[in-house]
Amino acid sequence: MSDTLLDVDDLRVTFPTRTGLVHAVRGVSFSLGRERLGIVGESGSGKSQTGRAIMGLTPPQAEVSARKLAFDGIDLLSISPRQRRALRGNRIAMILQDPKYSLDPVMTIGRQIVETLRTHEKVSKAEARKRALAMLQAVQIRDPARVFDLYPHEVSGGMGQRAMIAMMLVTGPELMIADEPTSALDVTVQLDVLKILDKLVAERGMGLIFISHDLRLVSSFCDRVVVMYAGKVVEQIKASELRDAQHPYTRGLLNCMPRIGFERHPLPVLDRKPEWAE
Amino acid sequence: MSVTENQAAAGGGSARAVAILSSLGRFLVIAVTTYLGLLAVTFFIGRVIPIDPVLAVLGDRAPTAVVERTRREMGLDLPWIEQFYLYVKAALSGDFGTSVLTTNPVMTDIRRVFPATIELATLGTIIGAVIGVPLGVLAAVKRGSLIDQVARIVGLIGYSVPIFWLGLLGLVLFYAKLQWIAFPARLDVVYEYTFTPITGFYLLDAAIQGQWDVFYDAWRHIVLPAALLGYLSLAYISRMTRSFMLNELAQEYIVAARAKGLSERRIIWGHALRNAAVPMVTVIALSYANLLEGSVLTETVFSWPGIGLYITNSLQNADMNAVLGGTIAIGSVFIAINLLSDLLYRLLDPRTRVG
Amino acid sequence: MSAETIQSRRAWLLSDRPVSRLQARLGRAYVAWRRFSANRLALVGMLIIIALLVVAAFADVLAPYSPTVGDLKNARLLPPGAAHWFGTDDLGRDIYSRIVYGARWTLYVVILVAIIAAPIGLLVGTIAGYAGGWTDTILMRITDIFLAFPKLVLALAFVAALGPGIENAVLAIAITSWPPYARIARAETLTVRNSDYIKAVQLMGASPFRIVLRHIMPLCISSLIIRVTLDMAGIILTAAGLGFLGLGAQPPLPEWGAMIASGRRFILDQWWVAAAPGAAILIVSLGFNLLGDGLRDALDPRSGDQ
Chain A
1 MSDTLLDVDD LRVTFPTRTG LVHAVRGVSF SLGRERLGIV GESGSGKSQT
51 GRAIMGLTPP QAEVSARKLA FDGIDLLSIS PRQRRALRGN RIAMILQDPK
101 YSLDPVMTIG RQIVETLRTH EKVSKAEARK RALAMLQAVQ IRDPARVFDL
151 YPHEVSGGMG QRAMIAMMLV TGPELMIADE PTSALDVTVQ LDVLKILDKL
201 VAERGMGLIF ISHDLRLVSS FCDRVVVMYA GKVVEQIKAS ELRDAQHPYT
251 RGLLNCMPRI GFERHPLPVL DRKPEWAE
Chain B
1 MSVTENQAAA GGGSARAVAI LSSLGRFLVI AVTTYLGLLA VTFFIGRVIP
51 IDPVLAVLGD RAPTAVVERT RREMGLDLPW IEQFYLYVKA ALSGDFGTSV
101 LTTNPVMTDI RRVFPATIEL ATLGTIIGAV IGVPLGVLAA VKRGSLIDQV
151 ARIVGLIGYS VPIFWLGLLG LVLFYAKLQW IAFPARLDVV YEYTFTPITG
201 FYLLDAAIQG QWDVFYDAWR HIVLPAALLG YLSLAYISRM TRSFMLNELA
251 QEYIVAARAK GLSERRIIWG HALRNAAVPM VTVIALSYAN LLEGSVLTET
301 VFSWPGIGLY ITNSLQNADM NAVLGGTIAI GSVFIAINLL SDLLYRLLDP
351 RTRVG
Chain C
1 MSAETIQSRR AWLLSDRPVS RLQARLGRAY VAWRRFSANR LALVGMLIII
51 ALLVVAAFAD VLAPYSPTVG DLKNARLLPP GAAHWFGTDD LGRDIYSRIV
101 YGARWTLYVV ILVAIIAAPI GLLVGTIAGY AGGWTDTILM RITDIFLAFP
151 KLVLALAFVA ALGPGIENAV LAIAITSWPP YARIARAETL TVRNSDYIKA
201 VQLMGASPFR IVLRHIMPLC ISSLIIRVTL DMAGIILTAA GLGFLGLGAQ
251 PPLPEWGAMI ASGRRFILDQ WWVAAAPGAA ILIVSLGFNL LGDGLRDALD
301 PRSGDQ
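Residue numbers (the numbering used here), protein chains in the order written: chain A, 1 to 278; chain B, 1 to 355; chain C, 1 to 306.
Excised from the complex, chain A in its bound form (with noise of 0.2 Å):
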């Protein structure tokens, strides 16, 4: 990988707590090119702390440390939270969870995006919200001038997630960190969801850390999968090397997805062993 984009080397989060310090993320480490990683991992493996870690959005009270973490040749630790500030939202982007959580309530669309982008360039409010209505075009919405001046509420959850993906590209980032973009989603939806993202990710030849628990999901969406089991990576695999993959966490994990045609009885029980934490 020539044009590296991120590299992230022994990251760890440490939150202190009252019965003593959590380590969530314990020595991650991957570098990113313009290609699609897959982070996946059970919920509080860390998979998500690395991604806010990289954003700059871990509460105060964490301890964040690497030997290195880096975007584009920039130190994101050692520049001011001013410069960081920046970067978020220009360059480097996120896409949350669940649009009904993650979209402010009592904003409209359209401001919630225009916001985004005047907070990063200086343009007049016509020239934003031109920008805006093209954006909520590229999601794929039709009738972007309705949708700009709805209320978060008033849109079904797939038009949610795709406005906050145009509020989160209108700037133009090259780095995306989608966390578990599909996840609150209708069965139904995610994959146009999906679809939306990776075709705006190829063309604007974006990096994107796709962050998600479903094994089967980052495997035929990312070119490379990482794993992380209790705030580690246990496996880095290409995801179309996953079938051979080495690690038994990986492969327990392989083996509880559900295949048609094939009988599952008993259900398989993941495996957890404490020395693959070690």
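Rather than coming from a laboratory, the hints here were simulated on the basis of the structure. Some hints here could point you the wrong way.
Partner residues aside, some chain B positions facing chain A, computed with beta carbon under 7 Å [unchecked claim]: (1) E252; (2) Y253; (3) A256; (4) P350; (5) R351.
With a cut-off of at most 30 Å between alpha-carbon atoms, the simulated BS3-like pairs for lysine-lysine come out as follows [what the hints assert, rightly or not]: (6) A:K125 to A:K100; (7) A:K232 to A:K68; (8) B:K89 to C:K151; (9) A:K122 to A:K199; (10) B:K142 to A:K100; (11) A:K195 to A:K130.
Glycine included, each C-beta is placed from N, C-alpha and C at the ideal position.
Please arrange chains B and C on chain A, whose structure you already have, making use of the hints.
For chains B and C alone, coordinates are given in the frame of chain A:
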């Protein structure tokens, strides 16, 4: 998916009309029953509890002829349900009987004294909201910090202090010792006869007429009682603001706003407070209603000629018509504010907005 | 007691698998206590209330003078000093002694209001919640109507009709303070009404009366206690306000609100006559507020904003 949404939008017109009508109907039912409930309670207090309601209304020095006439006028020989009907009818037309103390119809007295109370409570609420909202926001944002602790203590004391006592101490300090403020009244005697009020709100009237000396004098009289009421309202408003803000700051859309690269200032004041503002309106309205009620004690301490002082003066003279008339007046405004704040909530929140 | 026995007792209290109902209860109480006692302000509140109880119980011992009979000849309106810590009032009575005895009346008011208003609210709320339908609608409408009234003004009007006096003040406050309890009890009832164990009790043939009394009411108690504790400060303030207006306790009862009223006449020159009882009210209400906040955070973590 888009197709069904378009259909829903097309069919939404009549459904929305039904929703408006039904919520309006609900609103009316609540308003009417609450008001009837208030009248039932005052009826109970005025007619059922006293052994002789006529005595309660007229006092024990009234001549026999007057007592007999009043007994007939009040319809005391009729069954209770009929009495209540007459009572409600009279109350709805603004007839609360005559005050023994002032010999005026109670309604006339109330009209005269109410603006003073409104002026006091309004200024108090403005003070409470202007200080309380930012204080609550800061406490929530810097949770656990010094300012959060200070806001908490200030709020707790506001919840715990007897206002009439604080008022008395304030008079000792600011009137007697420091002489920063004027004596307990609404205006200096000099102005009592030279100043002609228009709206009944003296600060406003003085400003309209350009009588700045009167304005200054009125200000020196109102500032301490208003500040005290403002403190009560600040305690309530800052505490509620803090808790609403904490709730909003924990929401996912705040994470999304940070992911967009917005500044903390924009996130706090532009997003979190905008969302918290919806319930805040209710809180501020309730706080206003509470100040109207709290004015009873404050007005007594500061000899402020509003409805609270009117009620307590009437109490001391066993002037039952005036007491109950005042109770109904405060109760009606209180109920109205309660209901309106509910309505306002629906209007402000796009999620519950109809039409 | 050795370190190990303390350790094992803690383990017994915190056990995941309590063997008896008692153990489970004690364990829960222990966890709640730990959360409560971690909150320093709540402990201060508890100390204030304990002090109030002690002062009320031992008023005879703690008060150096009679609360009602003063020394008119030699001790009128004395400033605070060694003989009279908080000074004396216009009838030559020792203010400190009157405040000590006043603690009894404060307790009298809050306890009486609580044991009148809380059961009314509990009854209305649980019946409304369990019965549902029209019963619920009507009872809750009445509750909401009462909730929409201005409490202090209504209490004033009640006392005006009933006649001044501390018993009537208690009654008036109780009449105006039950609705929030009904709301809480109803909300709690609704959350458990359709639960499986209530169904089980129904299947066993328990009467609605028994279900409400034995299985629903106990569940409402803890949130009710929190709310009552939080309301105590408001009750004290309302009672003091009525006393201040001359509608509550009558002279010569050493009720704090009435004491402020009698000190009002001398406020500009002998400020201490009114200052001390007001401070007593402030401290006790603050104590109840702190205690109530602490209880809420410890017993009901959901609503805690800490």
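Hint check results:
no.	hint	result
1	E252	4 Å, holds
2	Y253	5 Å, holds
3	A256	4 Å, holds
4	P350	4 Å, holds
5	R351	5 Å, holds
6	A:K125 to A:K100	27 Å, holds
7	A:K232 to A:K68	16 Å, holds
8	B:K89 to C:K151	25 Å, holds
9	A:K122 to A:K199	28 Å, holds
10	B:K142 to A:K100	27 Å, holds
11	A:K195 to A:K130	24 Å, holds
In the structure shown, no violation is registered for any of the earlier numbered hints.
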